[in-house]
Amino acid sequence: MIEDPSSSGSPAARLDTAQVDASCRVPLFVLFGSAVSWAVMASVLALIASIKFHSPDFLADCEWLTYGRVHAAAVDAQLYGFALQSGFGAALWIIARLGGTRVSQPWLIGFGGKLWNLGVLVGVIGILAGDSTGFENFEMPRYAGWILFLGYLMIGLWTALTLYRRNEGRLSPPQWFFLAALFWFPWIDSAAHLLLLVFRVRGVEQSLIDWWWSDNLLLVWLSLTGLGAVFYLVPKLAGRPLHSDPLALFAFWTLILFGSWAGIPAGAPVPAWIPALSAVATVMTSIPLLAVAVNVRRTLAGHCRALAANPAFRFVGFGIAAWLAAGAMRIAGALPGISPVTSFTWFGVAQSELHSYGFFAMILFGAIYCSVPQVAGLEWPCARSVRAHFWLGSIGILLSAVPLAVGGIFQGLKLNDAGTGFVELTKATLPFLRASTLGDLLMMLGNVLLLVNFVRLSVRFGRARWAPFCASFAADLKPAEVKP
Amino acid sequence: MSLESNQPASNTSAIQEPQARAGLAPVWLIVLMFVLLYCGAVYFDQNGGWFDSRVYAPYQTYTELESFQPKGEGPDLARGKAVFDTICALCHGANGEGKPGQAPPLAGSEWAQGSPDRMIRIPLYGLSGAVSVKGQQFNLAMPAMGAALSPDDLAAVLVYIRTSWGNKGSVVTPEQVSAIKAKVGNHPQPFTADELNAIQ
Amino acid sequence: MSCGPLVFLAAFFALAVSWFGLVLAPQFQVGRLQQETNVVNKAELYPSARPGLARQGLEVYRAAGCAACHTEQVGQTGTVCDVVLIDAGTNHAALIETLIRSGLGRSNPGQYLSELPKPVRQGLNKDEADRLATALKSAGAKAEVRIVPVGPDIARGWGKRRTVAEDYLYDDPVMLGSLRVGPDLANVGVRLPDPNWHLRHLYAPRLEVRDSPMPPYRYLFTMRRIGWQPSLDALQLPGEFAPPPGFEIVPKPEARALVAYLSSLRTDAVLFEAPMTAPSAPAAATATNTPAK
Chain R
1 MIEDPSSSGS PAARLDTAQV DASCRVPLFV LFGSAVSWAV MASVLALIAS
51 IKFHSPDFLA DCEWLTYGRV HAAAVDAQLY GFALQSGFGA ALWIIARLGG
101 TRVSQPWLIG FGGKLWNLGV LVGVIGILAG DSTGFENFEM PRYAGWILFL
151 GYLMIGLWTA LTLYRRNEGR LSPPQWFFLA ALFWFPWIDS AAHLLLLVFR
201 VRGVEQSLID WWWSDNLLLV WLSLTGLGAV FYLVPKLAGR PLHSDPLALF
251 AFWTLILFGS WAGIPAGAPV PAWIPALSAV ATVMTSIPLL AVAVNVRRTL
301 AGHCRALAAN PAFRFVGFGI AAWLAAGAMR IAGALPGISP VTSFTWFGVA
351 QSELHSYGFF AMILFGAIYC SVPQVAGLEW PCARSVRAHF WLGSIGILLS
401 AVPLAVGGIF QGLKLNDAGT GFVELTKATL PFLRASTLGD LLMMLGNVLL
451 LVNFVRLSVR FGRARWAPFC ASFAADLKPA EVKP
Chain W
1001 MSLESNQPAS NTSAIQEPQA RAGLAPVWLI VLMFVLLYCG AVYFDQNGGW
1051 FDSRVYAPYQ TYTELESFQP KGEGPDLARG KAVFDTICAL CHGANGEGKP
1101 GQAPPLAGSE WAQGSPDRMI RIPLYGLSGA VSVKGQQFNL AMPAMGAALS
1151 PDDLAAVLVY IRTSWGNKGS VVTPEQVSAI KAKVGNHPQP FTADELNAIQ
Chain L
2001 MSCGPLVFLA AFFALAVSWF GLVLAPQFQV GRLQQETNVV NKAELYPSAR
2051 PGLARQGLEV YRAAGCAACH TEQVGQTGTV CDVVLIDAGT NHAALIETLI
2101 RSGLGRSNPG QYLSELPKPV RQGLNKDEAD RLATALKSAG AKAEVRIVPV
2151 GPDIARGWGK RRTVAEDYLY DDPVMLGSLR VGPDLANVGV RLPDPNWHLR
2201 HLYAPRLEVR DSPMPPYRYL FTMRRIGWQP SLDALQLPGE FAPPPGFEIV
2251 PKPEARALVA YLSSLRTDAV LFEAPMTAPS APAAATATNT PAK
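Residue numbers (our numbering), protein chains in the order written: chain R, 1 to 484; chain W, 1001 to 1200; chain L, 2001 to 2293.
Note that these hints are calculated values from the structure, not bench results. These numbers come from a predicted model, not from an experiment. It cannot be assumed that every hint is accurate.
To be verified - Keeping only pairs whose Cα atoms sit at most 20 Å apart, straight-line, the calculated SDA-like set for lysine to any residue is: (1) L:Lys2126 with W:Thr1063; (2) L:Lys2137 with L:Ile2086; (3) W:Lys1071 with L:Ile2086; (4) L:Lys2042 with W:Gln1069; (5) W:Lys1081 with L:Asn2041; (6) L:Lys2118 with W:Pro1070; (7) W:Lys1081 with L:Val2039; (8) L:Lys2118 with L:Glu2097; (9) R:Lys427 with L:Leu2207; (10) W:Lys1071 with L:Pro2275; (11) W:Lys1071 with L:Glu2097; (12) L:Lys2252 with R:Cys62; (13) W:Lys1071 with L:Leu2207; (14) W:Lys1081 with W:Thr1063; (15) W:Lys1071 with L:Thr2134; (16) W:Lys1071 with L:Asn2041; (17) W:Lys1081 with L:Thr2134.
Unchecked claim - Non-contacting residues of chain W with respect to chain R, defined by C-beta distances greater than 12 Å in every case (computed): (18) Asp1045; (19) Asn1047; (20) Phe1051; (21) Ser1053; (22) Gln1060; (23) Thr1061; (24) Pro1070; (25) Thr1086; (26) Lys1183; (27) Gly1185; (28) Asn1186; (29) Pro1190; (30) Ala1193; (31) Asn1197.
By construction, the Cβ of each residue, glycine as well, lies at the ideal position given by its N, Cα and C atoms.
Turn these sequences into a full structure, and let the hints steer you where they fit.
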């Protein structure tokens, strides 16, 4: 990891991978490290929420842990604490690498990350204290939103600058996706913040903006960032170039054009044209699904088995499969024949979980497992826990999402049958909820493994960095040994 | 353990980031996109209510929604009574009995049960001068009390007057009121009984 | 697409189009609504803002995250018409003939004319219902067509019609909910009007609903020593839910506010967007001197 002094002044000179990675160190440690801690925190909160379904008296006397608050806190911690933050980190690393430049102002980005974390902490505590806004996926109170936005400005601006200062003129597919994502988030966040919390709109317009925000964050932003990572990692891990540039472009365009209109549920109390347009757009999102599937499959073309031994690839491969499955579930839920059955049921929750955790989190875990050793120059202390994390995470999400989806369909069928009493309906879904709690537990354990691994790696890294200083300091302190 | 299986052994070599080849987007996918767009357009045509802000599912068009609205099956007597009590009863009495020296009676009045065209003009433009009601002579001035009312409200109160207290007048519709307003236009002076008698 | 500005423009364009279509355009349609006149009771402006305690209760609802398990929106899958015979008139033979021709059975036709007013045909579409009503009127009877919204939510008694934008005009924030772990609450003020039921249900859900998965909201109540005499506000709780002897459970202001909010939840005004025949009240006295029926 020797820095080449001749190339540090001129932006046109391509840098060494190692030099690029070294410049990513501070931001990635802040962003990924915090993301991993928030993943654990979010899964603990989600587990508590999940347990309350079959044991409603669990922690019932604590006002701060009542189901409505702890569920909202879990969702927002997972989204803002883990998903957005690790997405920023992956975007930064891949943009820097593809551009062949050092990260612009890594310490500022690191500071932005710290600010972001402060915002998430304040927000989660605010939700638990009862200041939730009441909007789904946007429960963070107003005061936290300002801190988050400020943190993002620092992260986003200097990531964009890093992209701007790239050595390679052409942009490749991952860079399109990340650039779009970098721009997408501040616009939807500021629009939602201003219209819902500052200049409050009236009536169901609030719900429309909330649905617009949720869709653009969960479907579009998570897909843009996750696919950016996919289009970088899959060719890298396979050692072959991406099959088709135009096809990736096609997937990009169709994702942002159609994906941004999906999200208004079918029964919404709004004029009929809005859910109708949304349903059409949701069905159209099958096009980017297929485009990406074809592209990835042709890139891998028969090398899957060889790559499956690579733990990072397993995460990425599972993530892609989960994205396709969640997308298929979303499209099924929007079809006019099926949506009356799946509306207001656990099916939607299962689809959302499969998308956020099964797709996005798993891909980002793969990116973290790939990037951190490169950036830190150290291997993961425990290779076995990487493999264990994969199994815990993948089985966990399947155990969580599949029973919820099946339970949701039963719940929907019973909801549509007026003869079925509501209590009977609830009892019928309990076994599925118990299975999904087990899945949540496994996912939490997997996240804990990653956190432990990350902490150990950081400690080792710290020791390696400071060892020379410590040694010389200790040598200065010790009186010179006079040997007779 | 190497997480990047094909990473070159030496990290200090120049970056060999993968470059995408320019393959073609499959035609079937583009065709599928257009097919889905067409199906979507058909679905929207049926279920979108054509961007009308009042049409909610399951209604499909504004016309369909309108057809389900409760029609004025008969006159809205409750509304008419409300208007009468507010505006007319002060002078004409709560039961249309009239107040001598103030207003003629409406109950049993030939004016109230006679031609709608005449009766509509009275509250719209006022009535002044000598007028004979139920054999009695009145010589007063009635201001245009109904000029500010909407056609719906005026029609409702007229129907109420024409069918209450034993009156057997015909129903008056808001369209009739609007037609009279349009026909007569601006008429600053109140009508006289003679002018009204000239109208059929 | 190789250059940065082009990618940026593409993303800008896509997001702008979506913002215009899903945020701005609906703002013009539903974001600037005003109170509407009830189609049936024209003196009523709907909706009215929630009274003070109910408004505070909405904040308690928001803070507790009730929308995580309860929705506040009623759906409707269709609208049918019932034809109701109000008065049989004098020409019973022609009337029964008309009824039989419209599809009713021939056996025991006298039953059609007993216990009026009653619906004679249900579930028709608008044209059929109008035709039948006209035919009945020309046979000398008095009949009316009733508009009846139908759907699983309505069949469950969760509402009389679907909810529309107008129903949420004075709510801030609007918490429609997206998951039905618990029943829909859009009309719970009509369905469960007793505030004490709600207080007991909040304190111990399983007291009122067996096997309910709803967590108890005991933090909304205070357990305190009974003073000179039991408080009038104390909850009457049986058996296992009762407080220890000498203590009573009293709702906090937040609990009262929440219950006031729940009791204010109703969406059964007849609106243009959601037509239905209002549930009939007993016939009021008419404006003439004839006595009320």
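Hints versus structure:
1. L:Lys2126 with W:Thr1063: holds (12 Å)
2. L:Lys2137 with L:Ile2086: Holds - the C-alpha atoms of L:Ile2086 and L:Lys2137 are around 11 Å apart, at most 20 Å.
3. W:Lys1071 with L:Ile2086: holds (17 Å)
4. L:Lys2042 with W:Gln1069: holds (14 Å)
5. W:Lys1081 with L:Asn2041: At roughly 14 Å apart (the allowed maximum being 20 Å), L:Asn2041 and W:Lys1081 satisfy the hint.
6. L:Lys2118 with W:Pro1070: Holds: L:Lys2118 and W:Pro1070 sit about 19 Å apart, inside 20 Å.
7. W:Lys1081 with L:Val2039: Holds, at roughly 18 Å.
8. L:Lys2118 with L:Glu2097: Distance ~17 Å between L:Lys2118 and L:Glu2097 Cα, so the pair holds.
9. R:Lys427 with L:Leu2207: holds (17 Å)
10. W:Lys1071 with L:Pro2275: Holds. W:Lys1071 to L:Pro2275 sits at ~11 Å (cutoff 20 Å).
11. W:Lys1071 with L:Glu2097: violated (27 Å)
12. L:Lys2252 with R:Cys62: Distance ~16 Å between L:Lys2252 and R:Cys62 Cα, so the pair holds.
13. W:Lys1071 with L:Leu2207: violated (47 Å)
14. W:Lys1081 with W:Thr1063: With a Cα-Cα distance of about 32 Å, the restraint between W:Lys1081 and W:Thr1063 is violated, given a limit of 20 Å.
15. W:Lys1071 with L:Thr2134: holds (14 Å)
16. W:Lys1071 with L:Asn2041: Measuring from Cα to Cα gives roughly 13 Å; hence the hint holds.
17. W:Lys1081 with L:Thr2134: violated (28 Å)
18. Asp1045: Since the minimum Cβ distance to chain R is about 9 Å, W:Asp1045 lies within 12 Å and the statement is violated.
19. Asn1047: violated (5 Å)
20. Phe1051: violated (5 Å)
21. Ser1053: violated (5 Å)
22. Gln1060: violated (8 Å)
23. Thr1061: Since the minimum Cβ distance to chain R is about 10 Å, W:Thr1061 lies within 12 Å and the statement is violated.
24. Pro1070: Nearest chain R Cβ is 21 Å from W:Pro1070, so the label holds.
25. Thr1086: It holds; W:Thr1086 is separated from chain R by about 32 Å at its closest Cβ, greater than 12 Å.
26. Lys1183: holds (39 Å)
27. Gly1185: holds (39 Å)
28. Asn1186: holds (41 Å)
29. Pro1190: With a cut-off of 12 Å, W:Pro1190 remains clear of chain R, as the shortest Cβ separation is near 46 Å.
30. Ala1193: holds (54 Å)
31. Asn1197: holds (53 Å)
Hints 11, 13, 14, 17, 18, 19, 20, 21, 22, 23 from the earlier list are contradicted by this structure; the remaining hints agree with it.
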